Amino acid sequence: PSPADAKGRFVFANESEYDTLDPHTVWDVGRVAVRLNLYDGLMRWQNNPPVLEHWLAESHTLSPDGGTYTFKLRKNAKFHDGTPVTAKDVVYSMERILALGKGAASQFKKVIEPGAAKALDAHTVEFKLKVPTQVFLWLTTEIHVVNSALVQKNEKDKDWGQAWLSKNVAGSGAFKLKQFDPAIGFVAERFPAHFKGWGAKYLDEIEFRAVKEVNTRVLGTIKGDFHGAGGYMTTDQLNKMKESGNVNILEEESMRIMLFFLHNQRAPLNDVNVRRAINYAFDYDGFNKNILGGLVQRNPTPVPGNLWGAPKDVGYSYDLDKAKAELAKAAAKIDRPLEIVFLSGFSQSEQAATLMQNGLQKVGIQSKVVGNPWPTVVDKVQKPDTAPDIVVYWISAYYADPHNWIGEMYHSGQWGTFKAASFYKNAKVDELLDKAMKSTVQAERAKHYEEAARIVTNDAAGVWIYNTKWYGPYRKEVKGISFSPIGSAQEMRTAWVE
Amino acid sequence: MPTVAGLVAIVFVVSHIIPSDPAALVAGEAATPEQIAAVRKKLGFDQPMHVQLGAYFWKLMQGDMGNSLFTTRPVWDDLSGRLPATIELTLAAMAVSTLVGVPLGVVAALRRNTWLDHAVRVITVGGLAVASFWLAILLQLLFSMELGWAPLNARLQGFPPPAVTGLLTIDALIAGNLGVLGKALAHLALPTITLAVPGLATLVRFTRAGVLDVLQSGFVQYQRAMGIPWRVIVWKYVLRNALVSTVTQIGLLFGILLAGAVVVETVFDWPGIGNYAFNAIFSSDYNAIVGFTLWAGTVFILVNLLVDLAHSAIDPREARS
Amino acid sequence: MPLDERHAGDAAALLRVRGLARHFPIRNALGLRRGSVKALDDVSFDVRPGETLGVVGESGCGKSTLGKTLAGIHRPTAGSVLFEDAEIAPLQGAARRVVARRLQYVHQDPGASLDPRWTIRRSLHEPLIVHSGLSEAEREQRVRGILREVGLPPDRLDSYPHELSGGQQRRVGLARILTLQPRLVVLDEPTSGLDVSVQATVLKLFRSLQRQFNLTYIFISHDLAVVRMMCDRVAVMYLGRIVELGPTDAIFKDPRHPYTRSLLAAIPRIGGPRVTDGFVLEGEPPSPGKLPSGCRFRTRCPNAAPQCAEADPPGRTVAEGRVAACHFA
Amino acid sequence: MAAADILAVRDLAVAFASDAGLAQVLDRVNLTIRRGEVMGLVGESGCGKSTLARAVLGVLPENAARIGGGRVMFDGEDLLRIGPEEMSDRVRGRRITFIPQDPYGSFNPLFSVGDQVMEIMRWKSKRRPEGERGYPRARRAADRAEAIELLRQVQIPEPEAALSKLPHEFSGGQRQRLMIAMALLPQPDLIIADEPTTALDVTIQAQILRLLRKLVKGRGISVLFTTHDMGTAHEICDRITVLYAGQEMETAPVDAFFVRPAHQYTARLLDSLPNPDREIREIGGEIPRLIDPPQGCRFHPRCAAATDICRSQRPDERAVAAGHVVRCHHPHEGARHAA
Amino acid sequence: MKALVFIVSRLYRDRSAFLGALIILALVVVALAAPLLVSHPDAAWAMNPQVRLRPPGGEFLFGTDRMGGDIYARVIYGARITLTIAVVAVGVSLLIGVPVGLVAGFYGHWLGEVLMRVSDIFLAVPQIVLAIAIALTLGPSIENVILALSLTYWPWFTRLVYAETQSLKNEVFIEAAMALGVPPWRIIVTHILPNVASPIIVRTSIGMGFTILTAAALGFLGLGAPPPAPEWGRMISESREHLPDAWWYALAPGLAIFLVVMGFNLLGDGLRDILDPRIRRAQHGRG
Ligand SMILES: Nc1ncnc2c1ncn2[C@@H]1O[C@H](COP(=O)(O)OP(=O)(O)OP(=O)(O)O)[C@@H](O)[C@H]1O
Ligand SMILES: Nc1ncnc2c1ncn2[C@@H]1O[C@H](COP(=O)(O)OP(=O)(O)OP(=O)(O)O)[C@@H](O)[C@H]1O
Ligand SMILES: [Mg+2]
Ligand SMILES: [Mg+2]
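Residue numbers (my numbering), protein chains in the order written: chain A, 1 to 498; chain B, 1 to 321; chain C, 1 to 329; chain D, 1 to 339; chain E, 1 to 287.
One or more of the hints may lead you astray.
Some, not all, of what chain A presents toward chain E, calculated at C-beta under 7 Å [what the hints assert, rightly or not]: (1) Asp236; (2) Gly286; (3) Asn290; (4) Ile291; (5) Ser344; (6) Ser347; (7) Glu350; (8) Thr354; (9) Asn358; (10) Val369; (11) Val370; (12) Gly371.
It is worth saying that the hints were derived from the structure and are not from the lab. Keep in mind it's a predicted model, so treat the numbers as computed, not measured. Even glycine gets a Cβ: it sits at the ideal position worked out from N, Cα and C.
Please take these sequences and the hints and turn them into a complete structure.
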């Protein structure tokens, strides 16, 4: 009997391993199921388009200067061991994130310092920011609250319980850990006392397993070994699952964009005509429609098309004549092969790079394709000297605000992070982005972002290819899946198996 | 042991000049350069290489291989957690290679230049020429995707029986869980075959050559001249002599299998140390890379010690000198 | 007073060997030294110009080691070797190689001393290339001359060693050494493995070459009959020692050392009664790694007395030109 | 074949196939061994001594050797007509045993001497009933006792302990003694000893020869003893047959062989032995290639007395004295005088 | 020359070795004549996403890959890469390994010890593991694959040459040359080297096969020549995402690897039989 046979039990085949259960040391999609199901944050993104909802926090206030956030906690939230979730746990969790310096910490550190979080009473927490910013509110989703007493009991050598929490859970999430093996995955059972309460139908047990091979995920889902599967799949694979009659493919707009970063500071790419030529030389349809089988949406600007703040009617198309014309206008001479870096192990990124090379070849630009593992890429793009000419990867939704994309990618103050690998600098754009961040009125912000995006696009700062569509294969008997681009539908609280 | 130390030193140096920055990885995806620099200092990456190496050896002597930069757990734990998977796979492959390869080699030698010998030769030449990852794909295509007889990959779907030895098949037997045993075997089948093929081919060749060699020797001629039955000569006397060189080969085979494991485990997503090493390399995870090499080197050397023991079991001359 | 053999000797000697020793380390499985094989232990003798000195003894007694140590293939552990009045024992490298020209060692199977991949011509030219400044044509002339002397047709020059018979290979091996015009040649078991008929041919060749080139031979052999026929004097070795040394006739007629006696007794005498019906030396020589105390031969000696276990008998002059190492000789 | 003969080889021809062609290694060879005698088979390297010995044992290499005719009459039975299974089971190791040349290589280094001795007893002991498969305890014990007794007779020190030792723990001489014991254990009628002392030193060789001769004579066993060493042959043999290039040349009692050789070849061979009393005499010429051997008497290209008939016709057997047979058209002077 | 004629004539007699030689000859011919064998010079690099993943037949003999490249053309051009890697890597290994083995084997003092220890270290760990580490350190490219393979393969030659040299050193003819007063370097160059040539040749042939397999494995793991280079291992790796539907994707490159490696192995085996000094010595006997 397959493990999925048991009623009320849900098995998910994840593309990557759950090598740690610590919610504070990672901030990725691969291990999001741990954070969404076993832990709760102060806030949580829900639905699509995503809305920031109060979660462990009941409400929050912002000081008039925009520098102090005060959260009121719910009173009914309990950890898995029955102790109530209190303000000191929140403070501990914040301090822990900052102390460990991993996962979302790098973002937190830009806005808050250790010791800036205070428990005003058992259910009130105050955060004093370094600088007034809205980014903090979006980040509060990552303040997964851990049971401070329990963790402190298991601390070793002042490690903030790191060793223990990598294998154990001290959370309040909707599911409670039953079994964990870093090489296999985890099993968790329903936590009946979860503060959100439960609907009429629910899952008794969830199992998230690492199944790295896409074919196994496909076949296993068809056969019923799994109820759902993650990871990128090709049209063929999705079709095969659909044709089996057992699987529904959920389709959602997502907010993960793929683009080539062009090194705006290095000749010949510092010439806007050259950059435009490159933009005209990429076969967008060939890639999006043929190679990816139309599973993605053309996204010609640095803001996901399904988010506010994305300008319409701008961008480039595949046109070799225009590319040649731009090259003719260019002042810079292309006297060396350009280096196109892709992420080794990610075949889409590799295919995009080779297709780019193919296009460049056709307009007479020589290039060589190089694969680098992600850590190498992160390392290289920190400095303008080492950053590659062209590099292709994705920018995912860490939070659903244009700042996540255009703000962090093209503001010159952001140089040194992997999102700003273009080393783009334009005073006007900097100004617009700063204005957008100061404002709290969405319509106004949208206007600034749109304008900035137009300029960036016109400057051909990068080559924007697509915005991901999310396809979730789920067995027909699975119901109640709720999707948010941040979390990829791995929050199982609302789901059930018929 | 000096070999292992030298090995660690070489791999340490090689892995530490990888031009990517693990500090960046540790610091997190959106870390600022200052944060990364701090991490680098904390991990000692700013020190000269020989200082880092010395520190590593110092910790190693205290039984500390450092933490994996990627999984954040101690490399020792990571490796020991994954070792059983590799051991199970390698042992299975070794068993298949030996149990099939040795008799095949003997028979081929005895039936020299017959169709059987030629058939065996085709198998061995082919077995040594086939790329394991390609063979793996062919096997997956045929047995998993087409026929559906064996799982595509992984070690077991779901959680294993309570760990006693860490070898799933054995643990399942101990737990009396035949269902899991069957599944574990099914998962084991394709990677084992893939991994065993080159080793099997090597063993067949060596056994065949060894038996032919021994058949030429004076004592075989003597026993034949004394009218000892041929079957007794072959299966009692010749085989043991041929095994002396074959056993050495089995020891070397372990190296082949370990090397194969890196590729085969990657293809079959087998949660062993080969797979771990591959991922570690891709994430520039120094401690994990060096740790793996150290383990592989040590295991390899240990196995060769075992081989020496086996040698003295077969060859009493060694035991008495 | 007995004459101390170490300091006396023939003033005209071509080669003077004193206290020569060569030990080989015995190593255990870990490569650590566990002891040593005294393959050659305190050996002294002289070789006169133009003579043939026979060296006989059982397998493993150190005959080859003696030859190879003299020829510089092994470095002596101790002792002195005066060749043409020059000390050569401590020489090494290039300095030693110069001596090689005049003092040559012929392996038991000279055919095997030819590189199997080289033509005979190339092998014969090699020593001349190394040791002489002769032009190619001059070398060729010299080579052809020598080849004639050893009785091989020049058309053999383009053959490979495996294309020659055993006897022919030995001729080539000798020719190769003779191109250098040595004074002293150590012949190590030069007839072992040969059929009697071939052996006769080879021995004859040695004789004629000796006359022709005025050679001095050290003739190592375990075949007493051959030694008796070829040698002027004989040294009998037992476990790394010379136990008896003297003129061939004298030794064969009147062996003084019990080992020599046993050895001679064991040789079949064709046409007479079976020697094995008479006296037979019992036991086997001990391993050279584990020598008995005192006299090395006492474990097999028919005359062994208690004093033999205590003192190792030194070589003594027992008659005119004869030395024996036995308490009772 | 006379009743007094245990073995009579008649016109045996053996050839070996090789890359270069078919080598005529034995050319219609005749050889007779009487009951209880030690028959020496001498000749130079490559003349076919081992081949003849192996042909008698029926262990010629199957893939290369071709038997071109003749008979090997053993105790009235033609061994060439017996199938390989039966030969192995009934004759080899039981009625005809073997002492090899190389006592070092003929022991399996991985098994104790006892294992290897008892393996022979298990299959070849006189106590073994026809077709017995197992090895009953009682017989094993009796066989073992017998083996120990024999080891004592071949002067192996502490024979019981010796059985559990490994071959390499024995010296060469001791190993050859063990081989002799193993050849004697089945109480055979004939022992074939192929150069059993070549690998040994003179003093050891003398010990072995004496021992072997004593034991076989005491038991009345016949021996075919091959050697290329005339001295050895002289020591051990009652009669000698000399082989040249695959043809037997002369057979004579040991004294007559050395004192009054009748064949040109034998005489020249003995002449070439080292002798301090006279100059070295060589035979001259070389041993012929067996792939394309000389017609007639194979010695004729090297024979001073050769005439046309020698070149065309192989001489018949000719008795020059009692038990002294020669195959030569022009027997040696000395022999004729004596005859 | 004589030796070459001998080898060729013997090869001709050994059917399987002859087959191996033919395969390798075919590989060389394909590699050299690649431009003549494909429809147009860029066929191996052309990408037409519109015709991606077409099964074999018609226009595309072996089908097309995920970028719409012609697998046939890519396999043909892949032969060039494979041959280059194998020849250069094994060549470099020879250049390092043989002299080191000769020196260590002949002199055998501390220098030899040290050299052998170093090569032992390389041999203690599976080649592919070290090769992966090195290839990754240097970044994926053909040159680096070659470098990684050379750096890890030379100890095999060292070991072999070392062992052969050591046993040759005890051969009578080497001892004899020493006794003749021939200087050591001359002995190494004129006697030892030619006599270790046979095992080196055999090892080279087998090493080619082995190197091709390892290089393909590196390519498979994404550490080989970067895309769009038509590298066989990489092509197989690409195919995995498209199985089982695009069953043809891995077929041609896999078969190509298989055949070529088999060719080298067969040839190596054949050469071993022909050149093995033991066998030869036995054939020629003592005299
Ligand atoms: N290179 C070596 N290393 C170690 N031991 C050696 C070496 N050469 C010789 N011996 C030992 O030294 C002793 C004398 O050997 P040597 O070869 O001189 O004897 P031999 O008298 O020539 O014997 P044979 O008649 O067998 O040739 C033997 O015990 C031998 O094992
Ligand atoms: N298996 C074989 N294949 C081919 N030729 C063989 C084989 N065995 C022996 N010969 C040849 O047969 C001839 C006789 O060999 P045999 O061994 O009988 O000689 P032998 O008299 O015993 O010589 P030795 O004294 O060297 O032992 C030789 O020329 C030998 O080369
Ligand atoms: Mg010697
Ligand atoms: Mg023989």
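Review point. Which numbered hints turn out to be false for this structure?
Key: Structure breaks no hint.
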